[in-house]
Amino acid sequence: MSELNSKIPEGPLAEKWDNYKEHAKLVNPANKRKLEVIVVGTGLAGASAAASLAELGYSVKAFCFQDSPRRAHSIAAQGGINAAKNYKNDGDSVFRLFYDTIKGGDFRAREANVYRLADVSRNIIDQCVAQGVPFARDYGGLLDNRSFGGSQVSRTFYARGQTGQQLLLGAYGALERQIGLGNVKMYSRHEMVEVVTIDGKARGIIARNLITGELERYFGHAVILATGGYGNVFFLSTSAMGSNVTAAWKAHKKGAYFGNPCFTQIHPTCIPVTGEYQSKLTLMSESLRNDGRVWVPKTKEDAKAIREGKKTAADIKEDERDYYLERKYPSFGNLSPRDIASRAAKEACDDGRGIVPSGLGVFLDFADAIKRLGVDVVKARYGELFPMYKNITNEDPLKTPMKIYPAVHYTMGGLWVDYELMTSVQGLYCLGEANFSDHGANRLGASALMQGLADGYFVIPYTIGNYLSSEIFTKAIPTDHPAFVEAESVAKERAEKLIGTKGKKTVDDFHKQLGKIMWEYCGMARTAEGLTHARKLIQDLRKEFWSNVNIPGTLYEFNPEFDKAGRVADFIELGELMVIDALNRNESCGGHFRLEYQDEGEAKRDDEKYAYVSAWEHTSVDADPILHKEELVYENIKLQVRSYK
Amino acid sequence: MKFNLKVWRQKNAKAEGKLVDYTIDNIIPDMSFLEMVDVLNDNLVRKGEDPIAFDHDCREGICGMCSMYISGRAHGPQHAATTCQLYMRSFKDGDTIYVEPFRAGAFPIIKDLVTDRSAFDRIISKGGFVSVNTGQAQDANNLPVDKAFAEKAMDAAACIGCGACVAACPNSAAMLFVSAKISQLALLPQGGPERNNRAINMVNQMDEEGFGSCTNIGACEAECPKEIKLTNIARMNREYLVASLINE
Ligand SMILES: Cc1cc2nc3c(=O)[nH]c(=O)nc-3n(C[C@H](O)[C@H](O)[C@H](O)COP(=O)(O)OP(=O)(O)OC[C@H]3O[C@@H](n4cnc5c(N)ncnc54)[C@H](O)[C@@H]3O)c2cc1C
Ligand code: SF4
Ligand code: FES
Chain A
1475 MSELNSKIPE GPLAEKWDNY KEHAKLVNPA NKRKLEVIVV GTGLAGASAA
1525 ASLAELGYSV KAFCFQDSPR RAHSIAAQGG INAAKNYKND GDSVFRLFYD
1575 TIKGGDFRAR EANVYRLADV SRNIIDQCVA QGVPFARDYG GLLDNRSFGG
1625 SQVSRTFYAR GQTGQQLLLG AYGALERQIG LGNVKMYSRH EMVEVVTIDG
1675 KARGIIARNL ITGELERYFG HAVILATGGY GNVFFLSTSA MGSNVTAAWK
1725 AHKKGAYFGN PCFTQIHPTC IPVTGEYQSK LTLMSESLRN DGRVWVPKTK
1775 EDAKAIREGK KTAADIKEDE RDYYLERKYP SFGNLSPRDI ASRAAKEACD
1825 DGRGIVPSGL GVFLDFADAI KRLGVDVVKA RYGELFPMYK NITNEDPLKT
1875 PMKIYPAVHY TMGGLWVDYE LMTSVQGLYC LGEANFSDHG ANRLGASALM
1925 QGLADGYFVI PYTIGNYLSS EIFTKAIPTD HPAFVEAESV AKERAEKLIG
1975 TKGKKTVDDF HKQLGKIMWE YCGMARTAEG LTHARKLIQD LRKEFWSNVN
2025 IPGTLYEFNP EFDKAGRVAD FIELGELMVI DALNRNESCG GHFRLEYQDE
2075 GEAKRDDEKY AYVSAWEHTS VDADPILHKE ELVYENIKLQ VRSYK
Chain B
126 MKFNLKVWRQ KNAKAEGKLV DYTIDNIIPD MSFLEMVDVL NDNLVRKGED
176 PIAFDHDCRE GICGMCSMYI SGRAHGPQHA ATTCQLYMRS FKDGDTIYVE
226 PFRAGAFPII KDLVTDRSAF DRIISKGGFV SVNTGQAQDA NNLPVDKAFA
276 EKAMDAAACI GCGACVAACP NSAAMLFVSA KISQLALLPQ GGPERNNRAI
326 NMVNQMDEEG FGSCTNIGAC EAECPKEIKL TNIARMNREY LVASLINE
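In order, the protein sequences belong to chains A and B. Each residue of the first sequence is one higher than the one before, starting from 1475 at the first, in the working numbering. Each residue of the second sequence is one higher than the one before, starting from 126 at the first, in the working numbering.
By construction, these hints were calculated from the structure, which means they are not laboratory data. Hints may be right or wrong, so weigh each one.
[Stated by the list, open to error] Taking lysine-lysine and the BS3-like style, the derived pairs with C-alpha atoms no more than 27 Å apart in a straight line are:
1) 354/B x 1853/A
2) 1979/A x 136/B
3) 354/B x 1864/A
4) 1853/A x 127/B
5) 2038/A x 136/B
6) 127/B x 1986/A
7) 136/B x 1976/A
8) 136/B x 1864/A
Chain B extracted, bound-state conformation (with noise of 0.2 Å):
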């Protein structure tokens, strides 16, 4: 397979950017996108030229590190997969394909298709978690959970925190990450004693790092890889309703 790409090219943080057309040939459809663009650098590279930098790492579509912006789509075309988990197959011989990084103002570029997502760990550090230290656990098996609540727990525990949403956001807003950690911990026993301030902290955090608002558009669960679902956002909101009904 051959294909037209257009890749943006940034040198640093500061520099300006702009797209780049390279084309690329004898591409085989099993291919990942990956690897797709680990050939192009291979050719860059043998040509003494600067390859794209990308994040990526497991490329099992679980570290949530690749993040590419495809031809107007967080993660391409492909329903719930992430960037290394699109296939070549997905796209025709001969196609145009964009290649951008995730855009944000939260997300400020590092070089090329690379950004900083730390925002995402400082709203974890404000609450993503339960305040439990090593040691102070009971037996495991003393607390059942409801096997429904501990689906959906898990359901929203696949979250990737890997800011496609935000990238497909025309807010560039953080809801759906942010919903799926309270989400997680709502819906367990265990999370349940530091959900109000959880709550407040983590949506202020998200405030703080300059992501958008929630207008219901919807665009985070359709590129989400992971399948996050909205009724995450409808959670959020409503702990965090409850929280600030509590701290007045």
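Just chain A, with the same shape it has in the complex (with noise of 0.2 Å):
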């Protein structure tokens, strides 16, 4: 299909992104400043985009919907970032990492971008430190690493369990330095909802202050999504509260194909749900799976006690746990890939034997962890997240083994883009954890931090430049050209349609229905016939939710509750089209697990007939939308059937 052209620059793997530097077209300087670059979001990777293009020299405008560019949610990641240092002489390299990457998203991921990746991987760690991250250290005062799910080497770098946190400060910062320079104007409190589109050309967006609630629009030559991942569409998920789907929603129905929709990670370690009120759901991070052991009793009968309060975990001998992770995954063991881990928790409680009184949970226990090293190394490897732990559940971990099961935390899928990472719309790019670009079927531990880092550190200064050397002519177009107003009035009508309806039921009521059918069914465990029901479900309740929401007050104020109906709005539309994403992927592969196609609980692919990416074309909400097939071709490494065994 040639309007998919992915672009992937002539040569060896391993000199694909040199010679695409080499000869990508460049921008003076002169013109640069000529030159207005919109950035939506100010997470890892619009930050680092923003300040990056902005020291380049271009006009930058960027845009978030918290108060501040710091609380991106990029501040919660907690247990690192990947990078081919291969400091520790454990073997690493680049074509480890890119290898265990591909590997990992079950080779659904396009080669020449995770090689890319990989290979960058190396400045993300350089740059950072020379921002003045305070990444761990050994006591020689050289970097420190640990390892992670997935790997078997020691590659990731982190910052107590604050990692995200410092290297989103360290981004910030830089963004900030440029805002104090005059050479990025910030948009706090500005959500996106609308992408002008002149002569197929991305050329601006329509956002609402969300202070005042008017609607206002902004020219840019080229326009940068980096909006993060969609979790929210579960309800629960580790996601933060405003996380949304809403500007990659929107640029979607604007032209751009949405990618591998389907494909979102479920991740093994979080505390389990304890009730309705609940709001969120709260990582433990993966890392703790370095020196804790994950465990269900062996029988049904002890964790039926357990549940019921007769019996404690210290009441079940050694010999009757079952450390089925170790069992079942020998060479990696507590450290099995995500979605492998989480399925096989929800293998161990389907089977009856949950730990907690709502039967999902399982144990993670540092006992052994403590007697071999001691509290105070445990205490200080793993920061934060005991005493985190402790106010959540009122339980010690020092004392007693955590209780953990899997949640939704983070999103593959998203606006398909090219090497360049542009999506199908011309001057409309995507970054980070929005885009559907690294990870394939399945994200491992401390890869996203990496991308999105790379994605706006080094790849968009080098691709944008490509594309904006043949815009040097073009003028800063003013606002109230058609096409803004045309996008203006759309967004417009949408909400005084929204706060109009004056309905019977919450936002929250609609998007919480909307989670329990995506968990139920599109979630761990998938059939055709469950999502077959599933869409219909969606589209009932888009109905519903369009004839009987109810939000208060009005249009033109702060107004959190509206901002939350647009976002429930897009996550409708987007639940179907990741139902019928699941439903044309007719294998199991990472996060994707279809009953159907399985050998004994392991994921059963099929390359014969889905190795490649799917790229959907929105055409209107009540019809469906255009599959477009990216053919994932490997020149590099060999299918296998991925095995942690």
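Please assemble the complex out of the two chains, which come individually in their own frames, going by the hints.
Next up, the structure:
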């Protein structure tokens, strides 16, 4: 399909990126100042992009919905960031990181992109350390590493349990520096609600000022979306309350294809759900699996006794415990990748051996690590995580095992982008978790931070020049251009319809309902029958939403309920696309597990038929989307059954 | 559990605000404070009333967005916790709880419990960074850093920019926040070359934003959810003094 050109450069894998950079067109410094770039999102991807582009001399406008760019959800990442530095001399290399990422993604990612990611990973660490990011160090003063799920080398850099925070504050500092210098204009508490296209090219956005409620128009020669993941389509997830798909979804409706929407990651180590009132789920970093051992009792009777409070973990003797990850996957054990560890937890609980009252929970036990290393070392290694767990659950993981269960955590799917990170709309780019690019069907731990920063610091500054070099004669388009007027009126009409509905159910009622449908039918185990049913349920929910939602207040004021409603409306539409995608993919791979396609619980891929990226084109909300396929060509690795045994 | 709430309601920046009484019942001790407010808001929306506006996002104690002044304490009674990490088990059944915004002249109220803390961003834009453009860095391990200093820098870097220190301070001083960033970068070799300008520029901006001055009360440290230490303020004062002498 000609329109789905992924623009992968010629040459051997290891030379593609250098080749590209050497031949990409450049913009001269005097012209850069005249070129305006819009960056929506100030997480790792957006902040690093906005700062780097401003450093190069472009005029940048940056947007985020929080009150400050520093609060993007990247801040919550705990565990670490991968880089192929091989500082540990344990056999790591760019190729190995590349290979682990492709394999971790169950062979559903694009070779060239992933290799570039592994390659620039090393520059990221250099850049961040130079910015003053306080990574963990050893006694010699050199950088420390730990291992993360899905890899056998120690390549994860970390800053206590606050890696995302420290990386983001580094990028935020760089961004604030450019704001101070006048090279970036920052719009906080602004939510993008439309992309403006003129003659097929992205030329700006419509944003809602969340304080006044006014719609505002902004022009850019190019538009970059770095708006994060859409895990909140499940209502409960480890995302922040405001995380949304709105920006990506609006772009999708304007012609940007959506790649692999059904690839969602369910993270194995989160605090289990305890009640209906719960507003979000809290992740306990995967790094805990370095020292924690996952288990449930061998017998259903013991599990039942624990659920009923008649026994505790301590009452279950060593040989009565099932360390199921160690048993099933001896070579990776507790460090098995997320999709595998999550499914194994579900299996144990489905078998009646869950250890929390709801039946949905397993133990993560640090007793052995404490015996081996001492309490102080274990405490120091996991910084804030233990107190955080204790604060939320009222139980001390140093004394009794943690209780965990899988929860929605990350979305591998997102807007389809080519090698240059451009979507199928000219001049519209997508970076970070919001794009579909590098993680295939399952993301390895500590790779999202790496990808966000790779995209923002080291990829987009080169690739956007290749496009903007042909835009130097385009003058800034005044925002009274009909395309801006039209986009604004679409947003306005929609907003008025929403607020005018004055129905009976709250926004959260709908959001929770959608979440339940998604979790049940499009969560850890999916079937054709369930997905077909879910699609119908979602369509009905959408109709009900638009006729029965109740949003208090007015449009032109600070109105968080309205903000939420707009996001939920888009989640409902996205939910349907996810179900369609999951139904189309008649195989199991990574986070997408179709019960019909398995070998005794292990995912069964179908490389013959499904070694492609699904890129969906929007038609209308009431009609089927059109599927475009990007065939995945593997020239440097062999497709294999993904085994961690 | 049941509670009597007295919540600050203020329609917008210009309107006058007042404390409004609400009672709420059937609260579970394991609920977070914000989930309790969610329940209250849900009730209000169903009754056709305007829900209480409040800032929040991560609900994990790390983004720094939540910011309630609860019964006279920034982020409430629990030590070293943000509002979102405060659980209802910290209260007694039947308690009366006051809920107000973080108050300070430099944090104008936007609506109800939501304030404008962009002054913090402007302070950071004056020097809360190392001026290293993308691509200019040398290999990360070329410059070893004493672990003890790295750890101290990390302690200071833990600040989430919530503003509780300002809200807790009778002078509305922002010294703890500003000193945390200045300390982090002063403790690391990477921050060295710019340390003098950083201290002067950030402190000047802090004054310009209208934050008060420090009279060594220590309320900031007591209320800081990330346990940022007063010693950072001492370090900032020293940085500022040295910088002033050099700039003479
Ligand atoms: C709890 C948790 C722990 C994690 N731990 C790790 C880890 O240890 N290692 C790892 O590699 N990854 C981890 N991840 C994943 C990783 O943190 C994220 O994938 C990554 O940080 C996403 O960065 P981003 O820049 O793409 O998006 P985000 O950081 O989510 O930023 C999105 C930005 O877009 C803005 N935005 C969104 N919508 C709009 C709109 N409509 N209008 C205007 N602005 C908008 C937001 O304001 C924000 O600024 C973790 C994730 C979570 C949730
Ligand atoms: S110093 Fe503490 S109280 Fe002040 S902004 Fe930072 S984290 Fe919040
Ligand atoms: S909501 Fe993020 S710190 Fe409380």
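Problem - Restraint check for residue 136/B with residue 1864/A, where alpha carbons must lie at most 27 Å apart - result: 37 Å, violated
Problem - Pairwise hint evaluation, residue 1853/A against residue 354/B, where the allowed Cα distance is 27 Å at most - result: 20 Å, holds
Practice task
Given the hint that residue 1979/A pairs with residue 136/B, test it: the Cα-Cα distance must not exceed 27 Å.
Solution key: 24 Å, holds
Problem - Given pair status - residue 1864/A, residue 354/B, alpha carbons within 27 Å - result: 23 Å, holds
Practice task
Take a quick look at whether residue 1853/A and residue 127/B sit within 27 Å of each other, Cα to Cα.
Solution key: 36 Å, violated
Practice task
Could you grab the alpha-carbon distance between residue 2038/A and residue 136/B and see if it respects the 27 Å cut-off?
Solution key: Within the cut-off at roughly 19 Å; holds.
Problem - Given hint residue 1976/A paired with residue 136/B - CA-CA distance at most 27 Å - result: 21 Å, holds
Problem - Pair hint outcome, residue 127/B versus residue 1986/A [Cα-Cα no greater than 27 Å] - result: The given pair, whose Cα atoms are some 25 Å apart, holds under the 27 Å limit.
Against the hints set out earlier in the document, violations occur for numbers 4 and 8.
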